[in-house]
Structure formats: C-alpha cells, structure tokens
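Residue numbers (my numbering), protein chains in the order written: chain S, 1 to 226; chain F, 1 to 221; chain P, 1 to 226.
If a hint is listed, it holds; no wrong ones were tucked in.
To give a feel for the contact side, a few chain S residues facing chain F, derived at Cβ under 7 Å:
#1 161
#2 166
#3 169
#4 170
#5 173
#6 176
#7 215
#8 223
Computed far set for chain P versus chain S, every beta-carbon distance over 12 Å:
#9 19
#10 36
#11 37
#12 114
#13 168
#14 170
#15 174
#16 181
#17 189
#18 197
#19 203
#20 208
#21 210
#22 220
I should point out that these hints are in silico values taken from the structure, not numbers from a laboratory.
C-beta: ideal position from N, C-alpha, C; glycine also.
Read off the chains here:
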Amino acid sequence: MAELLRQAWAVARKDLLLEFRTRTAIVSAVVFTALVLTVFNFGRDPTAVSALDLAPTILWVTFTFAAMLALNRAFQLELENQALEGLLVSPLSRTSLYWGKLLANLAFVAVVESVGLPLFVLFFNVPVGRVLLPLVAVIALATVGFVAVGTLFSALVIRTRFAELLLVVLLLPFLVRPLIGAVQVTARLFGDRPLSEAVGYLKLLAAYDIVFVSLASFLFRFTVDE
Amino acid sequence: MSLLHRGRWITLLGLALLAGVYVRALAFTPVERLQGPAQKIYYLHVPAAIWAETAMVLVGLGSIFYLFLKDRRLDRFAAASAEVGTVFAAIVLTTGPIWGKPIWGTWWTWDARLTSTLLLFFLYIGYLLLRGAVRDPALGARYAAVLGICGMCLVPFIHLSVYLFRTLHPQPIILKPSAPSLPGSMLATWLFSLGVFTLLYVGFVTQRYALSLLWEERNGA
Amino acid sequence: MLLAEGLHHAFGRVVALDGVSFSLAPGQTLAIFGPNGAGKTTLLKVLAGLINPQAGSARVDGGRRAIGWIGHQSHLYGHLTVRENLLFWGSLYGLSAARRAARAAEVLARLDMSDRAGEPVWSLSRGLLQRAAIAKALLHDPAVLLLDEPFTGLDLAAAGQLRVLLGELHDGGRMMVLATHNVDEGAELATDVAFQRRGRFVHFAPRGTRSAAEIAAAYRRAMADG
Chain S
1 MAELLRQAWA VARKDLLLEF RTRTAIVSAV VFTALVLTVF NFGRDPTAVS ALDLAPTILW
61 VTFTFAAMLA LNRAFQLELE NQALEGLLVS PLSRTSLYWG KLLANLAFVA VVESVGLPLF
121 VLFFNVPVGR VLLPLVAVIA LATVGFVAVG TLFSALVIRT RFAELLLVVL LLPFLVRPLI
181 GAVQVTARLF GDRPLSEAVG YLKLLAAYDI VFVSLASFLF RFTVDE
Chain F
1 MSLLHRGRWI TLLGLALLAG VYVRALAFTP VERLQGPAQK IYYLHVPAAI WAETAMVLVG
61 LGSIFYLFLK DRRLDRFAAA SAEVGTVFAA IVLTTGPIWG KPIWGTWWTW DARLTSTLLL
121 FFLYIGYLLL RGAVRDPALG ARYAAVLGIC GMCLVPFIHL SVYLFRTLHP QPIILKPSAP
181 SLPGSMLATW LFSLGVFTLL YVGFVTQRYA LSLLWEERNG A
Chain P
1 MLLAEGLHHA FGRVVALDGV SFSLAPGQTL AIFGPNGAGK TTLLKVLAGL INPQAGSARV
61 DGGRRAIGWI GHQSHLYGHL TVRENLLFWG SLYGLSAARR AARAAEVLAR LDMSDRAGEP
121 VWSLSRGLLQ RAAIAKALLH DPAVLLLDEP FTGLDLAAAG QLRVLLGELH DGGRMMVLAT
181 HNVDEGAELA TDVAFQRRGR FVHFAPRGTR SAAEIAAAYR RAMADG
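In isolation and in its complexed conformation, chain S is listed as follows:
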C-alpha cells in the first residue's frame, strides 16, 4: 500500500511538474472557464431569468467542460516519445498509475475551479459567503466522481481514433448523474434552504464516488496494456 501510494505520488508529481513547465493546458483551461462564464452571461435574458436561478447550472456546466480539458490532457502527455510504453515496462503498478493520474487530474481541475468560482461570484453576483464551506464540499464530492470515471475513460480512448470526441460521448451518461446531484445541492445552498433537504443528493454523490473510484481503480489495469 505504501509502495502503491509512493509510486502514485511520483507519477502525479511528474505530471504536475510538466504542467508547471509548460502551463499551456492550465492557462487554456482557466481562460476557457472565464470564456464559458462570459458566454453564459450573454446567453441569458436578465429580465426573464434571474442570475440566481441559473447560477447552479452555469457553475456546473462550466466546471464539467473545464474538467474535460484536463482529462484529455492526462494521457495525451504520455504519448510524447511513447512515455506510456516506458511506464508500462517499469515496475509501476497499473493501480498506482491510475491513482497518480487521478491525483494530477484532481489537482488540475481544483486549480481551474478555484479560479472559476471567484469569477463566477464576480460575474453573477451570487452570495456565496455564508455557504462557502458546504459549497466547496459539494464541488469536491462531485468533482471526485466524474474525474474518477473520466480518468479511466481517457485511458480507454487513447488508442482509438477521435479520442477527444469519443471521451466526451462515453463520459456524458456517467456525468449527468453527479451533475444533477451537484446542481440540486448547489441550488438549495444558494436558496438558503436547510441542508437537510439535500441529504439525499449528498448521499447519492458520496455513493457514486465510492462505487466509481473503487471500480475504476480495479478496471484500469485492463485499459492501458496493449
């Protein structure tokens, strides 16, 4: 177990170092997030729909789009000089590789979200001050779920044609469930409803995370080998 985590950390650290060196992907993702938020602002009739009604949707559609960019990047960078082949001949366990990629993806998405959230508050004037802590918790809960599935699927499509497009198509049915939960909880938070109303959704999100993180950790070994 200690060895598994140590190797996972080595992979994640390497990914983040690469990201830090180039900064192309992370900067693109942040700019992309800002752009999507801007587009949403113009895509809504302020006299008909109040910002607060649309806020949860805007937040989550933006975050999921941004996460897709991270997921595509994860195994793309292993294709340079066929580094993936090197990882697979090394003693690195497949599960460690998955956990390393998951950690790096989560860090990547977390950075995008931590820039996106203040922008969202600024653009749409949503009062998040009082609910900041539970909001961050919900974001974390939902993000873990779909990034876990997405990391698995990004390894699945790496040897196929149209990898980027296929990833989105495969991931979407899996994304909607945590997305609905996250939107519902967020709406209740913004609407100052008691948290007890959202317990069902929170349980659903937690169950989703547990099921799919364990499932993906187990199934990953069947995806990367030739």
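Once you've looked at the hints, dock chains F and P against the given chain S.
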C-alpha cells in the same frame, strides 16, 4: 439446426406472439378509467423498459466474466446484448412520448425517468461506438468490457433517480415493494407481454451472436 | 534466466507470434533478424510484460525491475530536463532518493552526457536523445536489456558509438535481446542468432565462429527461400 436459424425461429415466434399481445391488450383487456385507451401502450412500454435495463446488466455480467475467462463467446454475447438493448431503449423512447402527448399534453418532458432512459440509450450508443473505434478485435473486446461493467454499475444510479426525484412519471405498479395493484386481466396481459419481450430478447441476441460468429469465421479472426 | 515457451499471439487475423520458444543465460546476447512485420517487436513486448501472449509464457528472473528497454522511442518527457527524467524513472524502479541521484550522475558520466543533464529533453539532437534514452534504460542496472531497432534514425557516428557501448554492456554479463530488420547491424554483438518470419523462428542457433558477413549471407538465403 444452426444457431442463426434457431434465433430466427425464436424471433418469429416472438413476433407472432407480439401480435397476440396487441389483440389481447386492445380487445380483451378493460380500458383504464382515467387514462383511457392511451394506457394500452403500457403493455409494450414497460416490458421494453425492463429489458432495456436488464440487457445492460447482462452486458456488464458478460463483460466481468470475459475479463477473467477471456472466453470470446462472452464478448460476443455482451456485444449482442448491447445492440438489442439499444433497440429496446429506442422502443421505450418512442412509446413514451406517444403516451405522454395525450396524458401529459407534451411529447417530451425532462422527467427523471425519461431522462434515465435517454442516458441509457446514450450509454449504449457510446458502447457501440467504442467497439467500432478500436482496430484490434481483442483490444476492442477488452475496452468494451471495461465500459460494459461501468455501464452496469451506472444502472442502479439511473434507476434510483425514480425514487429520489419528484417526477411526473407514474410510479411503478407491478415491480414495487408491496403487492401489484392491478386488476387481474390487466396483469395477465402485462405478464404475457413481458414473456413475449423476453422471447424477443433471446431471439434477437441469438441471431446477433450467430452473425458475429459468421463474421469472425469469414474474416478468419 | 530468461525463458520463453510456446509464445503465440495474433492481432485479429495477423499472426505476430507462432510458437516461439528459447532461453537465455547471463552473458548471452540474442540477435533477432527479420523483416518488418515479422513479429519482433511483439516478441520483445511479450518479454517486457507489455503484452500478455494468447498462449505460452515468458519469464524473466527478477520481473519488470530486471528489464531495461531501449526502443526507437526515448520514453523521455520533452519539457523535463534529462536529470529530472532520470530521477522520475529511478523513483518508479524503487531507487531511494540518494541512490537515484548517484545512479543518474553515474550513467550520465558513462554516456558522456554530464554537461547536458540540465537541458530540457526537447532541445537534444536525435543522437543525444538516444543516448539519454540508454541512460534511462541503464539507470536501475537491469540484468536484461531489450533492444528494439536501436539503430534506427542514428547517423553513422552515433550508430558506431552505440555499437561500442552495447559491446561494453554485453561484457558486463548482461542478457540482451536485440531485434532489428537490418542484418548488417548488431550481428557482431550476438552470441546467438535467430531469423524471424511471420511469427516463427525459421532459424535459431548459437553464433559459433560465424562472422557477421556469414550470418548476413545465411539470413538472405533464409528469407529468399519462400
């Protein structure tokens, strides 16, 4: 008799009996008091929905065993079940709006159950796309198995939504924790239809399985 | 020891391995010659544990940790420096922080690349990149070296250097398996020679006292025979 012919006969029998379901549902089953004749679609809609979900679960089970046993028959079965499941999901998605228009007054609504079936349909489409996108058959089968298992695990999450979300969709009448609350003759028609859909599933899957077998033989894979 | 028994593997209808068996003891170097598509790379990938053969088994004493892989791809990340790459790969092979720093300095000195350690990999020339890749493969002092077309893309001088280096490594009591389509390369390094075609070893024998030119002539005869 070859597998293909056996599948064909089962399917033909199923289709003949399906005509029987129509006759029985239209002529020999009482009209529901509130919904009127529109309720008749229930006898097709619900069995198709049950098999659309069950087919995904069977894809997942076939996939689990394929990953461990590497038996290509299991992969062929999973692929066949997925294609048939796609068709059944399409039946649910067509019959639903036909019923919804007179009863709800709209063809489509973002009701939790309709959305679930739509997701299931997309899941099937993704599965079939992935199968087509990988050149090496063994690799494609392995990838499809991974997705199939994930799909199977998604089914409970899709299904749970019915109980968790307030929905316009009628609550389950037969498959619910308490005893079925349906008049005897309606229940009989419904059970008859479920049997026919089971037969159709078996017939379609057998034929599709036999076709992949022929295709593999012909291509020497 | 390296042991391959009854290996069989096919990609769809293309048979890449069709009953390949051999064993190798320390100090032996097996050179496998064959045209493109003969299944040489598949064989090396099976030995490295990259591909699970559909039938038969391959075993290397010490497992993945004992294997060093040199292919035509370097497995190095372009945006990391040579040293950062080596340290990352070292950590995957379970070397402690102090040990991998020492080994990295050692292999770089051996490959005459110490002055390039701080340069990003993308800035290296083809020949230097190949040397860096060899440094990566030697980092964990593997008992078995698998070489897949290592001479491809090298100019004459670089190929000559590589030949000298492989000779030295061979003298160190290592096992080596070298696969190439070019019978004029690497024959002088071999202790054993195999000709592979359509997934089979059509010839497999100790080199004995045959010269490189004699082996080349035998290879051309074997391939011309139908």
